[in-house]
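Trainee: Listed below are the residues making up each chain.
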Amino acid sequence: MEWYAIDTWIVIVGILAAVSCALLGNFLVLRKMSMMGDAISHAVLPGLAIAFLVTGARASLTMFIGAAVVGVLTAVFTQWVSRFGKVDEGASMGIVFTTLFALGLLLIVQAADHVDLDASCVLYGAIELTPLDVVWRPSIFGAILDVPRAAVVLSIVCAVNLLFVVFFFKELRITSFDSELATTMGINANWMHYLLMTLVAITTVAAFEAVGSIIVIAMLIVPAATAHLLTDRLGVMILLSVILAALAAVLGHITALFVPGWLGFDPAVVDATSTSGMMAVMAGVLFAITLFCAPRYGILIKKFGRIDRAEAK
Amino acid sequence: MEFSDIIEVLFLRNYNTRLVVICTMLLGSACGLMGGFLLLRKRSLMGDTLSHATLPGVCIAFMVGVLLGGTGKSLPFLLLGATVTGVLGCAAVLFIRNQSRIKDDAAMGIVLSVFFGAGVALLTMVTKMPDGAAAGLESFIYGKTASMVLSDFWLLTVVTICVLVLSIFLFKEFRLLCFDETYALAQGWPVKFLDVLLFGLVTAVTVAGLQAVGLILIIAFLITPAAAARFWTDRLDQMLLLSAVIGGISGWIGASVSALIPNMPAGALIVLVAAGCFVFSMFVGVERGVLVRVVRQLNLKRSVGRQHLLRALYEILEADGLGDGGIQIRAVPFRQVRGRRTWSDRQLKRYLRLAYNEGLVETLNRFDEIVLTEAGVEAAAQVTRNHRLWELYLIEYADIAASRVDRDADAVEHVLGEKMVALLESKLQTLRPAESLAVPVSPHPIQPGD
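Quick mapping for you: the protein sequence lines, in order, are chains A and B.
The first sequence: position 275 = 274 (numbering that gives the first Met the number 0), numbered continuously.
The second sequence: position 124 = 123 (numbering that gives the first Met the number 0), numbered continuously.
Keep in mind the hints are simulated off the structure, nothing from the lab.
Source: prediction; values computed, not measured.
We treat Cβ as the ideally placed atom computed from N, Cα and C, and that holds for glycine.
Accuracy of the hints is not assured; some may be wrong.
[Unchecked claim] Covered stretches of chain A (in silico footprint by chain B; criterion: 3 or more residues with CB under 8 angstroms from a CB of chain B, positions within the stretch not fixed):
id : segment
1  : 29-35
2  : 72-84
3  : 89-100
4  : 279-287
[Claimed, not checked] Simulated crosslink set (DSS-like; lysine-lysine; CA at most 25 angstroms straight-line):
id : chain 1 : residue 1 : chain 2 : residue 2
5  : B       : Lys102    : A       : Lys301
6  : B       : Lys191    : B       : Lys41
7  : B       : Lys41     : B       : Lys171
8  : B       : Lys102    : A       : Lys302
[Unchecked claim] Selected chain A positions facing chain B (in silico; Cβ < 8 angstroms):
id : residue
9  : Val108
10 : Ile216
11 : Ser275
Hey, can you work out the whole structure from these sequences and the hints?
Mentor: Here you go:
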């Protein structure tokens, strides 16, 4: 299998998407809201449908805005249902996103005669196709780069998320671990929550539109959970999660190129498997390795470390 | 659409829709039942994880089927594959949760995304297989409600009966698992086995339902009816029954409406009907609904205000000195009562009006001066007595300093029941036999503002 410029761009786009998600994912995992990415990526359907019905075109900016608004609403409704109804947070998330999805489905079917829009096209953006959509061709030292749209969009999202995490690090940390303490210190935990959820919604929508929902859902949770097994310090955890996410993206694309060959597929078949799927799987492999081998919280050290210590005495 | 059409569909007389309606009702009841357990285990999103985790199994089953020389599209075989990876997914969630510091929600998210990622990767490979006709494999499994056949009905019936029978036989065990896992473990119950069994049942329901009605509907069926039922009762058996009924009714109404009105997908309608049930229950549910809780809170606030008012009046009169029959009744100026606590004029007037309506106080000059009636004296003595009994108890048993006991007593005394008062009386009687229990003397000096 040869490596083309396209592969480089796929990996870059993958890394950008993975890092954007992993940055925010740390706080979702700590707040026990890991499933938010999954919920939002299903729930945005009515936003897409309404944006389409209003403008009558598949213009990506209005669709993006529609989806992002409904994404934020998902977080708001979840908060309402769990607070006013005293319902378990996971359950309220499930109720909200299934209801919104059903609503979106109804809207789409009503307009189905002239709509080129179905549920699966929401769920599967294709990272393999991102390099084809070139928006910018800068020339650096004579070499012309074909920068894809997804790379530009995700760079912006990634930068915003990074700035958010850096500038609000203290507030995020306190509200994630002890929201009551945060309130007594004059930090509005509610506002932080909604700000975080807004960014999660925007990141989710931007990333799944570019590269598919599965990368988003996986990268919001898995690298952060892996990093959580490796350290007790939030700063280190965020750094590790970013590195793990990038690593998973690189490994994901490499395995996507090679694994089908091992399984007996003709190597000449291009895109024999899904890069985004393999990126999620690689994130899972990294998690599994960490789960067993982590220096302090790994299963192996827990099982056998104790025996050694007992013998040493 | 004629009225007779509506009747025909709703009462299952229409042959074309009968099957769909019955199947969704069965599935709704089975999911409602399982969802009740999941909700109490705080694992409502397990259905989400499970239904995504079935995808790799379907693809692998298809691949194996093709390798064995078939078309790969044998339904039982594909369902078997789905079940296997579904169970594996559940096992992985339990393993991650039990063996590491990762919490339930993250464990479910990890399994969901990784399994689904593997599924997507495999699905892409499957569709590119040289000699496999995998087109439509996904929709073959993640079906649409309107296209149900008789075999779906039998599958759903068998699964529903299994779920029902096992839930009834293992009701006590599952209940213990839901409410106090640690206790169950200490009692020697096979907690892990029960957990796996519960998940196995959920998997069976999910897999059976997935190919009949689709992913989102299953997820909603496993969460929404149970969450709606929770507002109506605190008893597990009633909640499960209600949850199954809500699931069944959502299926019935949703599928019927979809059959009557063109261009209305049944799955989406059922989800929306269930969501409607949820919102209705959330507001008017008689046990934990929003309205009930607001009313309860208002009532509590009112009764606390009434007790504060009566005790304030009693203590003011008590300071005048006790006669032979207790306190001497006289008119108390409004300002003096107002000075007893940090309450506003408006609050105090509201409480006074309530007490007046109950016949506990008489007022002169529009609340300028307040006089306790005979019934009021009795009630005030009772309230003060409870307060002081509780204070004495706190001092004796909870080692709280006399100087701050008033505050602490205040936090609890309003919810003392009759049994609790009787218990306090007996405890304190043995402790301080000399003390009169009519209305004990306050253990701390009484100051305005206490």
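Trainee: Each hint: holds or not?
Mentor: Each hint tested on the structure:
{"no.": "1", "hint": "29-35", "result": "holds (count 4)"}
{"no.": "2", "hint": "72-84", "result": "holds (count 3)"}
{"no.": "3", "hint": "89-100", "result": "holds (count 9)"}
{"no.": "4", "hint": "279-287", "result": "holds (count 5)"}
{"no.": "5", "hint": "Lys102/B with Lys301/A", "result": "17 angstroms, holds"}
{"no.": "6", "hint": "Lys191/B with Lys41/B", "result": "16 angstroms, holds"}
{"no.": "7", "hint": "Lys41/B with Lys171/B", "result": "18 angstroms, holds"}
{"no.": "8", "hint": "Lys102/B with Lys302/A", "result": "20 angstroms, holds"}
{"no.": "9", "hint": "Val108", "result": "5 angstroms, holds"}
{"no.": "10", "hint": "Ile216", "result": "4 angstroms, holds"}
{"no.": "11", "hint": "Ser275", "result": "7 angstroms, holds"}
The structure fails none of the hints (numbered hints given earlier).
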